[in-house]
Amino acid sequence: MRIPLDYYRILGLPIQATPEQLKQAHRDRTLQLPRREYSDLAITARKQLIDEAYAVLSDADQRQAYDMGFLAKTYEPESEVKTPAFGKRVTSEATALEALIDSHTPSIEIEDKQFVGALLLLHELGEYELVVKLCHPYLSNGSIGLKDGRFGDPALIVPDIILTVTSAYLELGREQWQQGQYENAASSLEAGQNLLLRESLFASLRGEMQTDLYKLRPYRILELLQLPLEKAAERRKGLQLLREMLHERGGIDGQGEDQSGLGIEDFLRFVQQLRRYITTTEQQALFEAEARRPSAVATYLAVYALIAQGFAEAQPALIRKAKLMLMQLGRRQDVHLEKAVCALLLGQTEEASRSLELSQEREPIAFIRENSQNSPDLLPGLCLYAESWLQDEVFPHFRDLLDKSVSLKDYFADPHVQAYLEALPNETGNPSNEWVVVQPRRPASAPTSSSQSPTPKSSSTATNIQLTQTSSDPPSMTLTAQNPEVSGSGIKELVTPIPSSPPPASVRTSVETGSTSTSLQGSRKSPESSRRSPASSGETRPPSVEPTPSANIPPTSAQTNASPPANSSSLRRIQRKNEASKWGRLLILGLGGLIGVWILWFLLSRTFGALADVLGWSGPTLKGEQAMVQLNQPPLPIPEAKPVTAEPEKITPEVAETKLNQWLSAKSVAMGPDHQVEALQQILVDPALARWVGMAETMKQDGSHRTYKHSLKVTEVQMDQANPNQAVAYADVQEQVTSYSQGKLQNSEDASLQLQYRFIRKDGEWRIEDWQVIR
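Each number in the working numbering comes from the position in the sequence shown (counting from 1) with 948 added on.
Derived from the structure by calculation, the hints contain no laboratory data. Glycine included, every Cβ here is placed at the ideal spot set by N, Cα and C. Among the hints, erroneous ones may be present.
[Unchecked claim] Think about it this way: if two alpha-carbon atoms lie no more than 30 Å apart in a straight line, the pair counts; the simulated BS3-like pairs of lysine-lysine are:
| hint | residue 1 | residue 2 |
| --- | --- | --- |
| 1 | Lys-1657 | Lys-1185 |
| 2 | Lys-1657 | Lys-1692 |
| 3 | Lys-1269 | Lys-1357 |
[Said to hold, decoys possible] Computed Cβ-Cβ distance ranges for the label pairs, DEER-style:
| hint | residue 1 | residue 2 | range |
| --- | --- | --- | --- |
| 4 | Asn-1695 | Pro-967 | 46 to 54 Å |
| 5 | Gly-1712 | Tyr-1656 | 26 to 34 Å |
| 6 | Arg-1098 | Lys-1598 | 47 to 55 Å |
| 7 | Tyr-1656 | Ala-1020 | 50 to 58 Å |
Whole structure, please, built from the sequences with the hints as guidance.
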């Protein structure tokens, strides 16, 4: 067969090499041995080609004749190139190999048994793609072409060629990673891993590939989520990879290990970096699910998503949901300012004022007071603050809101918003039961550091909300990684991206930081601390490393006096609802009076009854010792009935085999032509469930499917001694897979695997959480 190699490349020398250089290169190449996993057959074939190259080039006459052919091949016009050379018999495999050789690329003829040696040399020269292409005809049919003895003893030659090809996949993936082609890199690594898995060879190399895939995962997520929204399937894949990382870590601020190399602080930066590429709907679904772990960080991010979507789409129901989630955080964190914004957007002006009084955020409160000097309450300043905060600190973190502008006037003028706010029930409740001030606050009359006047208490009648335009920047939201509590009002812009060009041999994704603390802290800066012109208010600013406070800037007349009312008539209708609450209080007082009268009657009746017994008005009494019989307890003790509880099902080899057969049947249905994924939900849990549902959906979109034939035997079952709801089962599985694309047969493969399955008890039933191949 013909291979795209020449004698000079085999020795690693240019055509002008001297005899001394030829001799030195031959000695060096002979002493350099490949990986220890190669057989003597592969090493011998490689040495034969090196010796042949040296023998030809070290002889003057042979070298002169070779050089003439070498130069003629390099500069020969394409129309005059003749293949195959030397009158070799043309076969389908030879034609396929010839097609891979450029017409102007020098090549040599080798014996079939030297094929593995030639592959080794090409791999050493960095021709990874060429190695994969040359071996593809022999590997596409399940290595059958390598097992006929043509290239040598199949027991030796198959592992050698598999090792060369998978090593090429590994190095190719690392090259693509370094070039920023993250999905292509993952495809190369997964192709090599699947080949090793199919052949059940070289577990250490497979582990090396898996390690790279784990470290590559954050880069893939970034690349996929940055794609246009029209590429929905690819973006869903990115979100699924992110969910898998979150599951393995145990949440955004979890202590689990996802093998990516990112610590807690690094991962928080990574999540912050991702947010601008994810839409409000995607963030809402992602962070609401994470908040149920529970996670304070995820809860706060979900609040951001709900407020952003609720305001942008005029859906106050989402803002109300965000407010309820803030109430969960408020028991331990000072989030009164965020609650005040939510109450403002829900038309609950009294509650907004009360939340502002409880807030310990000095700079934002000073800004709000400064812009409410001519008002009996703080609502004008709160309106300015809310509008600026939404525009510059909330919207820039959502892909679909980057170019949207904020207008409270338009929001309150929306008919749907008006109808919802008018129908909204009174949710004031008892704030002392819902909110706990984190630090002792000064009395409302205490002067602030900026010499502001005391905050006036809001009157019982709500004030019309005045909307004033401002060019001030909003408070800067800060998030640092510490314990899972949130203080402050937001998340800091994290400007340290993960590295974009990792080294090919040792790839690292961790972000170097100087702190290993794991608590969440927050800080705000007032909108005055970073001014910007109105012309740039709709633009996205580059993130800043740390907020830099500046001197207070006095408000302009436009900020305090020239602000038109935002649909005051609709807001007055909302405020009149507060007056109606007075009648509700009167009704409560009336009911309380009735209850008091009933209690008084009860006490008087008992008093008169006792007096009647003393005076003998209650009739004759029994003489002698009487049995102590009471209505509220039996005369004789009744033994308590012990509740009968069903003992939880223990997993046995028989139970495990039943569950595994159920999984294999569900797998056949989900990956079959109908792609019915419902059966997967009855036997799998995440992460396996999410992974296989995603695979089934992808195959359905591609118009492909698979059919399976299985047989299995459970060899061992081990219960987790620390957790009776977890277990591990070992099984030998025989699997035959037939792949179809667009209804046409693609290939068929057989595999004999030994797998370790992780079981978990959910709702009283054993489910499969994940598995790994042992052999």
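Evaluation of the provided hints:
1. Lys-1657 / Lys-1185: This hinted pair holds, its Cα atoms lying about 28 Å apart.
2. Lys-1657 / Lys-1692: 19 Å, holds
3. Lys-1269 / Lys-1357: 22 Å, holds
4. Asn-1695 / Pro-967: 46 to 54 Å: 51 Å, holds
5. Gly-1712 / Tyr-1656: 26 to 34 Å: 29 Å, holds
6. Arg-1098 / Lys-1598: 47 to 55 Å: This hint holds: roughly 54 Å between Cβ atoms.
7. Tyr-1656 / Ala-1020: 50 to 58 Å: 55 Å, holds
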